[in-house]
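Novice: Take a look at the letters that make up each chain.
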Amino acid sequence: MNAILILTALGTIGTAIAAMAGRNLLHSVLLLALTWTGVAVFYLWAGAEFAAFAQVLVYVGAISMVVLFAVLLTRRSRDDAGSSPAAQGRALSAIIAAAAVAGVLLGAILCSPLATLPRPAPAVSVRQLGEELMGSYAPALLVVGVLLTVALIGAVVLAAGDRTGQPEDNP
Amino acid sequence: MNPTATVTDSFLERAPLLVRDAVTGFLPEPARWLANSLVTIIAVLAIFGLLFAFLTLAERKILGHVQNRPGPNRTGWFGLLQPFADGIKMLTKEDIVPRAADRLLHFLAPVTLLALSILTFAVIPYGRHLVPVELDSAVLYFFAAGAATELAIFMAGWASHNKYALLAAMRALAQLISYELPLLLSFVPVILATGTLSTTGIVAAQAGWKWHVVPHWIVFTPWGAAGFVIFMVSALAESNRSPFDLPEAESELIAGHLTEYSGFKYALFFMAEYFGMCALSGMAVTLFLGGWQAPLPVLEFIPSYVWFAAKLLTLLLGFIWIRATLPRLRIDQLTRLAWKFLVPLALVNLGTAAFWSLTSDWSVTLQLLRWAVALVLVAGPFVLLGRGLTAGLGPRTYRYA
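Those protein sequence lines, which keep their order, are chains P and S. Mapped onto my numbering, the consecutive letters of the first sequence carry residue numbers 1331 to 1501. Mapped onto my numbering, the consecutive letters of the second sequence carry residue numbers 383 to 783.
Next up, chain P with everything else stripped away, as it sits in the complex (with noise of 0.2 Å):
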């Protein structure tokens, strides 16, 4: 069991490193959705099946089309890697948010109660799953909705920006 893991996770790092050092911004973007690929088969190693199908659905399935649009929709030719990361302005506020995203994670894992004494794990059924997320987890739930159709909303409004009047799209 531990081979897997150790696989899997080698995989998964290995993709988002590769994602992160390659030039051609499509290449990282579909190294990407193999990296998501491997956290999905982290969550079937851990036993957790709905987890994992839901990533794949979310992520493999929608996340990467945005990226892909966004990565299309930005760029100006085919070799074009987007802006130059020398920027200094940029490179500075990559690794606060970097840091920033770092500090919350640790401090999750270090304020949460780890479990020393190996348990069996627990056999949570779909509908379990569902109640919780309807009932104690419906605000983190409503708050994730509101962010994405935040986010969806300034997509269009990006995308909508400057639309000269093209003589077919009035017939």
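Keep in mind the hints are simulated off the structure, nothing from the lab. Nothing here was measured: the structure is a model prediction, and the numbers come from that model. For every residue, glycine included, the Cβ atom is placed at its ideal position computed from N, Cα and C. Among the clues, some could well be false.
Cβ pair distances, simulated, as ranges [to be verified]:
(1) Ser742(S) x Ile1336(P): 49 to 55 Å
(2) Leu695(S) x Met1350(P): 45 to 51 Å
(3) Arg402(S) x Gly1484(P): 51 to 57 Å
Dock chain S against the given chain P, drawing on the hints supplied.
Specialist: For chain S alone, kept in the frame of chain P given last:
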């Protein structure tokens, strides 16, 4: 043991399992499990591979007869060997890769697409004892594997290094993403009514007959019928079938994202499309048409997998019939149909299903009211939205064409 147990566990019902055990029976336990899985995989691949081959032939024959011509009739008896001749032709054809193409992605796209569409066959219950993989969240698995095929189509369009292929791939993605929504929403009421995401559970929930005549299939409820129609329309669009075959529209788009594909890679795309169609039809049978259940109690002596195959073939022939009948939609009509018609209808249908399951304990006289309310809830939005869909949209005039 109830009297039907003798019928449901008859020899014919268990014949596939007996054949499998005869093949793998002599192996020790751990190897036997592996061999059983292998036999299952080979059986599924062989059956659906042959179904694919003869489905192409049936499609060409039926389309031919609909258009008053004989269809393929030179190879073998009635053209029965035509699929194999086509296969040999595809295999021996030169495989052309454009010089500027992304060779790796160009190769990976058809492979990924085919692999993902084969994955979806794993959770469909083909018979009472014939489920390749039993999962607690099988329906979610099915649509997760199906959603990932969009990436493969994008890879095909982008790796070809051809602007027409890329544009066509984007169009295909727009269509697939648009129709994914009604497709997913249309079966949510089924999950709501059966209370399970497992395909075996959904089929088991549709067992039995009302007054020993009407089966408890989901399609025989008002919301079930509406959901089935929405599911089938979205399935047509998801599998790029006519009248939604815009992604490859051979007469207008020179086959879209498949422009730069030839030989066996092209055949793989074709195969993935037909596999997708078969898998979605199989899922429709499972979700709405009672899976492998027999339509009448007296017909239960016919094994369950025969019933599944009959329902599946009926749906597939329906796909072919629709292709022979309807002209292709325009891209704006296509997206309007998805977003302004099917998605709201599917959402209303969810409400109808909730009403239906909340009123299931109403008395006999109130049942009439229940049916009336549900039918109004199904038909009303259909009529209203249908009027709104076409209001003020006359035929489009092309000033520059």
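Novice: Please flag the earlier hints that this structure goes against, numbers listed from lowest up.
Specialist: Checked against the structure, no hint fails, so every one of them is satisfied.
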